[in-house]
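Undergrad: Sequence:
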Amino acid sequence: MGKITINEKYCKGCNICIEYCPMKVFESGEEPNQRGYFVPEIVHPERCTKLMVSKHLKRNVCGLCQEMCPDFAIEIDIYAEEEQCI
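Counting with our numbering, you get residues 607 to 692 for the letters of the sequence shown.
In short, the hints are calculated from the structure, not lab data.
A virtual CB, placed ideally from N, CA and C, is assigned to each residue, including glycine.
Worth double-checking, as some hints may not be accurate.
Taking lysine-lysine and the BS3-like style, the derived pairs with C-alpha atoms no more than 27 Å apart in a straight line are [as the list claims (entries may be wrong)]:
#1 K609 with K656
#2 K656 with K618
#3 K630 with K615
#4 K630 with K656
Between beta-carbon pairs, the in silico distance windows are [unchecked claim]:
#5 P638 with V667: 30 to 36 Å
#6 V667 with G642: 19 to 25 Å
#7 V667 with Q640: 15 to 21 Å
#8 S634 with Y685: 26 to 32 Å
#9 E636 with Y685: 16 to 22 Å
#10 F644 with Y685: 27 to 33 Å
#11 E681 with E633: 24 to 30 Å
#12 N639 with V667: 14 to 20 Å
#13 V649 with D677: 27 to 33 Å
#14 Q640 with P676: 18 to 24 Å
#15 G642 with F678: 15 to 21 Å
Modelling step: build the complete structure from the supplied sequences, incorporating the hints.
TA: Structural data, given as structure tokens:
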């Protein structure tokens, strides 16, 4: 299916990904990371339309979270193996 990751080194917990994701893949983090930021949690990766459709259509479908992230902290790898999925 693929894999979504949030790089905690870059994420400042602005939650823009939560606001822009139409499929509600993310939720607010409940625990601060080592830098004190509340990094969003990936709670429903199976809902991500970029992961579901892009691989089959060979084109980008959504990816708003990745595009809107001001810190470039979100990576969506549509070719990741299923056993590596979150």
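Undergrad: Look at each hint and say if it fits the structure.
TA: Hints, one by one, checked against the model:
no. : hint                       : in the structure
1   : K609 with K656             : holds, 10 Å
2   : K656 with K618             : holds, 23 Å
3   : K630 with K615             : holds, 23 Å
4   : K630 with K656             : holds, 13 Å
5   : P638 with V667: 30 to 36 Å : holds, 33 Å
6   : V667 with G642: 19 to 25 Å : violated, 34 Å
7   : V667 with Q640: 15 to 21 Å : violated, 34 Å
8   : S634 with Y685: 26 to 32 Å : holds, 29 Å
9   : E636 with Y685: 16 to 22 Å : violated, 31 Å
10  : F644 with Y685: 27 to 33 Å : holds, 30 Å
11  : E681 with E633: 24 to 30 Å : violated, 18 Å
12  : N639 with V667: 14 to 20 Å : violated, 30 Å
13  : V649 with D677: 27 to 33 Å : violated, 20 Å
14  : Q640 with P676: 18 to 24 Å : holds, 20 Å
15  : G642 with F678: 15 to 21 Å : holds, 20 Å
Of the numbered hints stated above, those contradicted by the structure are hints 6, 7, 9, 11, 12 and 13, listed in ascending order.
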